[in-house]
Structures are given as C-alpha cells and as structure tokens.
Amino acid sequence: MMNPVAIRCLLLACLILSGCLHSVHLPDAADSQAVRAGEKAIVLFRHQSVYDSKPRETLGTYPMEGFGFEMGTLDEDDKPLAPVILLSSPSDKERKEGWAYLVLKPGGYYLSVARAGVDQNPPATVRIATLGRWGHLSGASVELDRTWWFHVPPGSGVVYIGSFSNACTTGRGIFGNLIDHCTEVALRDETETARAIAAAHFGGYGPLRSVPAREYQPALQIPRETLQGMQWSGGRYDAQIHPLFPDYLMMDGMRPIAQGSDLYPMGFAVNTGRELAFPPWRTKALAGAATMGGLIDLRDLGGGYPPGAIAAAYLLFYLPVATLVGAVSGDWKERKWKPCAERLVRELSETRPLKKAEETLMSAARQGSRSLVPFEKMEGDLFSAAVMAQLRSMLELELTRVSIQECGPDDSVSLDMAFRWRLWDAASRDLLQERVVVFGNPAGRAANAAFFASRPWEIFLPASSACKPMEQLCTEQGYAEFRQELEKGIRETVRQILQ
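If you're matching positions, the sequence shown starts at 1 in my numbering and goes up one per residue.
For the record, the hints were derived by calculation from the structure and aren't laboratory data. Keep in mind that a hint or two might mislead.
Taking lysine-lysine pairs in the BS3-like style, the calculated list, with each CA pair at most 30 angstroms apart, reads [stated by the list, open to error]:
#, residue 1, residue 2
1, K79, K93
2, K93, K54
3, K338, K355
4, K488, K105
5, K488, K93
6, K105, K54
7, K338, K96
8, K488, K96
9, K488, K356
10, K79, K54
11, K96, K336
12, K79, K105
13, K79, K355
14, K355, K488
Using C-beta positions, here's what the derived DEER-type ranges look like [as the list claims (entries may be wrong)]:
#, residue 1, residue 2, range
15, V387, K338, 44 to 50 angstroms
16, R483, A389, 28 to 34 angstroms
17, R366, I459, 21 to 27 angstroms
18, K355, Q221, 20 to 26 angstroms
19, N121, D410, 56 to 62 angstroms
20, Q221, A389, 43 to 49 angstroms
Beta carbons are placed, not taken as given, at the ideal position from N, Cα and C, and that holds for glycine.
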C-alpha cells in the first residue's frame, strides 16, 4: 500500500499541474445556497506581487509568487493554523489581476503572511517554530511579518477584506532567479474595484460589504544571531531561536482604548467556553518514550543503508517496548493525580471566574458603563439590549480555556488561562477589535511550544502564573494559591484590556 504522505504529495502535484489550486469558477450550488441562507459569505481580496520591478501573475502556483497565506479561525481555537492553498477567481481576467475569493463561515479569522523564498535553498523566509510566525532573513536581522485579522459579519453575502501586495528582488543562485529580498506585505483599499467585480459576478448575493483586514500583531525585528539552526520540514525551513520567545510590548493599538473616548458608555458581556483541562500525561508519556525524550527526530528515520534501515530497526526493536512503558507511565500519573484534579475543578467552580471577571471589568470601567447578561442567557438580542441601554459599544470577554499545563520536572504544572475579547460598535454591530490573550507561565509555554505554535494568535500577557510541583499544588495551601492565581489571571487580563 502506498504511503499516505506520498499519496498527498501526488494529489498536490496533480492539483498544481491541473491548475485546480487557483481555479476560475463561481460558487457551486451548495456554497450558493449557504451564502443566500447567511451560513457562509464570499470573502473577496486581491493578491499581487512585483518581481524586479515587473508585475507577476501570482495565482496559479504553489507556493504563490510574492507571498503566501496561513489562516486560522478565532471562533474554533481547536483548529490550528493552516495554509491557504485552494483559491478561486470569478473569471480568468480577475485571476490574472490577482483577484480571488474564499467561501467562509461568519466569524473572526487570523491571517499570517509568509514572504516568498520559503522553499529555496538557502531560504529567504523561515518559519520560527516556537512562535508559529514567519520571518524574512534580511541582513543582520530576522523580520517577523505583522499578522492580520478580519471579521466576516453574519448575513453579509460578499465581503471585501483588502488588496495585499509586495515587491521582490531576485539574484541568488546559479541562475540568479532565487529570491534575494521581498518587502513586507502591504494592504491597500480598492473597494470600488471590488464593488464592480462583485456586481459583475456575485450580484445575486447582495451588495458588497467592505470590512478591511486589520493588524493583529505588529511586525518585529529580532537579531540574526538569535537563529539556532534550521531544519527542512515539509516544503519549508523550521528555524529555532534563542531566546525562544522574544519580548514585544502590548501596544496601545492592541487594546480597546485605541478607539478613543467615543466608546463610552460601554457595556460588558462575559461568558465561558470549556471546563478545566489537565495535562495529557498518557499522550505525553507515549510521545516521550517513542522519541527517547526528544532525542529521536522521526523525520530522520529514512536514513541508513539500504534506505529505511534505521526506521525498520526502530519499528521492530525499540517502538513496541517504548510504547508499553509510555502507556504504563502515563496511566499511572493520571490515576495518581485524579483526586487532586477533581478538587481543582471544584475550586474553579467555587471561584466563579465569570463573576470575578464581570466585577473586575466594572471596577475598571468609566462611569456610565454597565454589565449585560451573558449572551447565552438572554432571550433577546445582545446588541438590542446595548442600544436600549444607550451604550455606544460592547466589550465581550470570553474565557476560552482554563488548563493545568506541565512546566518542568517532577510533574511541575502551571495555570494557563486564555481570554478572547471582542469590542463591538453597539449601533452598527461592527466588530472594531479582537484579541486572544493568555495568562500563563513562560516555562509552560516552552514545554508546550508545539501547542502554542499552532495558535500564534494567542498573545501572552507580561504577568505570569507560578510553576510548582503537583505535590505542592495538591495541598490545602496549594488549593488556596490556585484560587489566588485564577483571580490574578482575571485581574491582569482586565488591566491589559482597559488600562
């Protein structure tokens, strides 16, 4: 039977050769019905690049010329970042001019940009493995590109999020055709052109709505010497840096206060997502045993002579025993800490984090603001309630994750809390800003780097939780400190948002 990876590679090659990656067609019957029902929307944008001062057709290749996209949905944080591969254009003329569209569900989306030169050797662009962000190698620095977010309002029909473009110069390689440098991707407003395209090809879905993408994380330059090596991984180079997580300030533009005093009086709505989660000890024990604690890189198993001899020895002699040891170790830890886990769940319930968040928001807000009932408990419309209360804006705070994560040896753990905040204009129902922030521990972030790299939209707060052994946490004093940590996480989150 053919290797699944090989099958996917062949399918991708067929798509590239057939031109199906960026095809010319209008939404099919299923998508058309979903758009008309308000379940999805057509998201229109433009993708352009100039090579050595000459315009280049960017759609129809993989990777795309100039720059590529990765996208994540902020409404479903269990779906990690994924490359945008399949694009459609309404006509061949629009495709040549870089106009493309996606059919997406309403909600918030995170957009990451990777400049060209990802797949060449030496690379011009690398992926910083611990950050889940792309960096362009430029002189003595690594330029981390700014990231973007956009919102697809419900019932929009056709949404235009902007025109993205950059310029590249070549000169590397034997033939001088490899990327030397690309400028950062810029966003332009071509609403009138987009409106004409929508009228010509998507007229049956209602008028176009312009909802430009906005900056989510700022661009950042880190010294070139922070690079600690690169490894080829599935069509790109993954780079390691030290320190693992370069610091950058929570800029005022990343807070609701950037919108000015016109926000007030403001309404607040607080809700929650999932229950308290604990470290997947069994999964981690299996992974640790299978890789000898990280000493084995599974991507290197194709070596040896004959080719694959190392993988054969690994599968025959090491993996079966390691799997058994890992499973026993993980199951033992889960049984050992089960009573403590049940007590922590009770502590979380008794702390009433939603009530604490509401009280903290109200104490930090300006006079005239008020609390609104959480959305899922209201019989009517949250926006209508805000307008009736003569509020100008509404800040919605959602506790999307509360977990205990491993952060060191001896089963040391730390509190991890993720909050998503969204700022709405009460009258127009426009989403003005949104971010996902995390109150956690730096060592926990490093120990779970792969988890956080798949969610690069999560921004760590300057304040951090403590890392302590489970033996210490699972005491009366530890439970009291756990409650204090929960309250601290809520206070720090609100302080970063409103102050």
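Structure-based check of all given hints:
1. K79 <-> K93: Not satisfied, since the Cα-Cα distance of roughly 34 angstroms exceeds 30 angstroms.
2. K93 <-> K54: 18 angstroms, holds
3. K338 <-> K355: 27 angstroms, holds
4. K488 <-> K105: It is violated: about 35 angstroms lies between the C-alpha atoms, which goes past 30 angstroms.
5. K488 <-> K93: Judged against 30 angstroms, a Cα distance of about 56 angstroms means the pair is violated.
6. K105 <-> K54: 36 angstroms, violated
7. K338 <-> K96: With Cα atoms ~59 angstroms apart, K338 and K96 exceed 30 angstroms; violated.
8. K488 <-> K96: 53 angstroms, violated
9. K488 <-> K356: Answer holds: K488 to K356 is near 10 angstroms, not above 30 angstroms.
10. K79 <-> K54: Violated: K79 and K54 sit about 38 angstroms apart, past 30 angstroms.
11. K96 <-> K336: 62 angstroms, violated
12. K79 <-> K105: Answer holds: K79 to K105 is near 14 angstroms, not above 30 angstroms.
13. K79 <-> K355: 28 angstroms, holds
14. K355 <-> K488: 14 angstroms, holds
15. V387 <-> K338: 44 to 50 angstroms: Given a distance of about 48 angstroms, which is inside 44 to 50 angstroms, the answer is holds.
16. R483 <-> A389: 28 to 34 angstroms: 33 angstroms, holds
17. R366 <-> I459: 21 to 27 angstroms: This hint holds: roughly 24 angstroms between Cβ atoms.
18. K355 <-> Q221: 20 to 26 angstroms: Since the Cβ atoms of K355 and Q221 sit about 42 angstroms apart, the hinted range of 20 to 26 angstroms is violated.
19. N121 <-> D410: 56 to 62 angstroms: 43 angstroms, violated
20. Q221 <-> A389: 43 to 49 angstroms: With Cβ atoms ~45 angstroms apart, the hint holds.
Hints 1, 4, 5, 6, 7, 8, 10, 11, 18 and 19 from the list above are not met by this structure, while the remaining hints are.
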